[in-house]
Amino acid sequence: MVGIVSYGTYIPKYRIKVEEIARIWGENADVLKKGLGVEQKSVPSWDEDTATIAVECAREALRRAKIDPKRIGAVFVGSESHPYAVKPTGTIVAEALGIGNDYFCADLEFACKAGTTAMQICYAMVKAGLIDYGIAIGADTSQSRPGDPLEYTAGAGGACFIVGRDCIAEIEGTFSFASDTPDFWRREGKPYPSHGGRFTGQPAYFRHIVEATKGLLDKLGLRPSDFDYAVFHQPNGKFPIRVAQILGFTKDQIKQGLVVPYIGNTYSGSSMIGLASVLDVAKPGERILLTSFGSGAGSDAFSFVVTDRIEGIERNPKVLEKIKECEYVDYGLYVKLRRKIRFG
Amino acid sequence: MLPKFWRKIRSRYNLIGSHCENCGSYFYPPRNICPKCRRKGKVREVQFSGYGKVLSWSVVHDGVENFWLSKPYIVALIELDEGAKIVAPLDCNPDEVREGMRVKAVFRKFGEDGEDGIIYYGTKFVPV
Ligand SMILES: [Zn+2]
Numbered sequence: 013m014v015g016i017v018s019y020g021t022y023i024p025k026y027r028i029k030v031e032e033i034a035r036i037w038g039e040n041a042d043v044l045k046k047g048l049g050v051e052q053k054s055v056p057s058w059d060e061d062t063a064t065i066a067v068e069c070a071r072e073a074l075r076r077a078k079i080d081p082k083r084i085g086a087v088f089v090g091s092e093s094h095p096y097a098v099k100p101t102g103t104i105v106a107e108a109l110g111i112g113n114d115y116f117c118a119d120l121e122f123a124c125k126a127g128t129t130a131m132q133i134c135y136a137m138v139k140a141g142l143i144d145y146g147i148a149i150g151a152d153t154s155q156s157r158p159g160d161p162l163e164y165t166a167g168a169g170g171a172c173f174i175v176g177r178d179c180i181a182e183i184e185g186t187f188s189f190a191s192d193t194p195d196f197w198r199r200e201g202k203p204y205p206s207h208g209g210r211f212t213g214q215p216a217y218f219r220h221i222v223e224a225t226k227g228l229l230d231k232l233g234l235r236p237s238d239f240d241y242a243v244f245h246q247p248n249g250k251f252p253i254r255v256a257q258i259l260g261f262t263k264d265q266i267k268q269g270l271v272v273p274y275i276g277n278t279y280s281g282s283s284m285i286g287l288a289s290v291l292d293v294a295k296p297g298e299r300i301l302l303t304s305f306g307s308g309a310g311s312d313a314f315s316f317v318v319t320d321r322i323e324g325i326e327r328n329p330k331v332l333e334k335i336k337e338c339e340y341v342d343y344g345l346y347v348k349l350r351r352k353i354r355f356g
Numbered sequence: 003m004l005p006k007f008w009r010k011i012r013s014r015y016n017l018i019g020s021h022c023e024n025c026g027s028y029f030y031p032p033r034n035i036c037p038k039c040r041r042k043g044k045v046r047e048v049q050f051s052g053y054g055k056v057l058s059w060s061v062v063h064d065g066v067e068n069f070w071l072s073k074p075y076i077v078a079l080i081e082l083d084e085g086a087k088i089v090a091p092l093d094c095n096p097d098e099v100r101e102g103m104r105v106k107a108v109f110r111k112f113g114e115d116g117e118d119g120i121i122y123y124g125t126k127f128v129p130v
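Those protein sequence lines, which keep their order, are chains A and B.
Residue 356, in this note's numbering, is where the first sequence stops; the numbers in between run on with no holes.
Residue 130, in this note's numbering, is where the second sequence stops; the numbers in between run on with no holes.
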């Protein structure tokens with residue numbers, strides 16, 4: 013049995029409300045909030061980045077797992093905002109966790125789905141007997157151009173999953189779907205991403221999530237009603253609700269994992285923080301669907317079955333508690349924290 | 003700067019200090035020799051829990067180099083639960099810091115050598 017042994021999350025404490033951003037750009041906050049299904053987003057502090065977020069969520073996962081860090085055999089960090097263009101985030105994380113020097117490691121990048129791909133790699137390596145435990149992290153401090161619609165949703169946060177055999181949630185199966193779709197991109201050396209506007213919906217998000225999920229369900233012979241929970245990538249509060257409808261999942265199935273209205277889109281952290289929120293309350297025997305989405309474009313779908321071990325692991329503080337513990341900033345402070353002011 | 007930082011990465015990221023098994027003292031940063039026991043000391047490496055309390059602090063209004071973005075900021079003298087004392091940045095509103103306040107270690111950025119240089123990470127503290 014291979015699956016999730018432990019998990020941890022990190023969400024920076026600062027938040028900015030949609031009203032505050034809309035005030036600056038002269039937009040109608042109520043229309044935006046309704047349209048996006050987002051109230052506010054998380055903002056990293058000036059001394060937080062993808063590496064610090066990755067370390068914090070991984071330390072929580074390791075503390076809960078109560079395993080010797082030296083038994084971790086792999087570290088994969090998925091992000092679209094690695095602090096360095098060249099120099100891995102993974103080695104910073106491994107050093108901070110004290111796992112020693114004999115480990116497999118690389119940084120992954122596939123827009124918002126790099127973290128779930130890290131989980132697939134760890135799953136395969138544990139299954140193949142190459143490692144006892146692998147660490148898969150999805151973390152981001154996503155960038156957005158001032159005044160761009162993305163600015164209302166681009167948040168920061170991360171989640172870490174330790175994959176191994178003595179698991180709290182078994183990976184029953186995984187399936188991926190990818191195609192060359194230019195819905196969202198950032199060229200090398202550019203500070204902000206560009207996107208295809210309306211093009212990001214139907215041919216990108218919806219097509220890939222639907223196909224990956226259907227592929228997984230076919231492979232496992234399962235139907236949406238066989239699942240207790242479903243988590244989809246959350247670029248805003250509207251898309252996951254609509255894709256759930258298209259696939260035949262109910263609002264009740266996705267409610268626990270829908271965190272985007274309060275912290276925004278945490279990119280590589282997005283669907284993984286949603287999964288963590290579900291694991292916070294899941295009971296043995298329950299089945300969870302997770303389908304991520306990364307622009308460019310692709311989706312990874314997973315089916316997890318919760319085991320008895322979940323009752324023996326520390327699950328506090330819960331994701332929803334971390335979401336509530338926050339401090340609001342105004343647009344001026346936000347611009348300073350996110351280093352959007354250039355000093356020449 | 004670079005070699006000096008690289009050599010200390012382990013103890014900066016992880017609050018690794020030392021413990022003298024002869025007299026029970028804890029030290030941070032790590033020491034090779036116990037100043038109390040000298041040659042009789044038995045010094046071992048130890049990983050601190052990261053929890054402690056504030057003994058004293060200064061609010062710095064003149065931000066040096068990499069810290070100017072966060073001014074005013076707090077530099078605190080913290081007593082770790084094991085007993086070792088450490089001076090470290092404390093991420094907390096200056097109005098809220100109190101003597102005896104419980105704090106825990108977190109992993110944060112300390113600064114960077116400009117836009118092209120290396121990024122320095124290490125341990126700071128936040129209120130529990
Ligand atoms: Zn001694």
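Some clues are possibly wrong.
Unchecked claim - If you want the footprint, here are the derived chain B segments under chain A, 3+ residues with CB under 8 Å:
#1 37–44
#2 108–115
#3 119–127
Just so you know, these hints were derived from the structure itself, not from any lab.
This structure is a prediction, so every number in the text was calculated from the model and none was measured.
Backbone N, C-alpha and C fix where the C-beta goes; we use that ideal spot for every residue, glycine too.
Okay, the hints, checked on the actual structure:
1. 37–44: Since three or more residues must qualify, the claim that chain A covers the stretch 37–44 of chain B is violated, with 0 doing so at under 8 Å.
2. 108–115: That given contact holds, which follows from 5 residues of the stretch 108–115 of chain B lying within Cβ reach (below 8 Å) of chain A.
3. 119–127: holds (count 3)
In this structure, only the earlier hint numbered 1 is contradicted, and the remaining ones agree with it.
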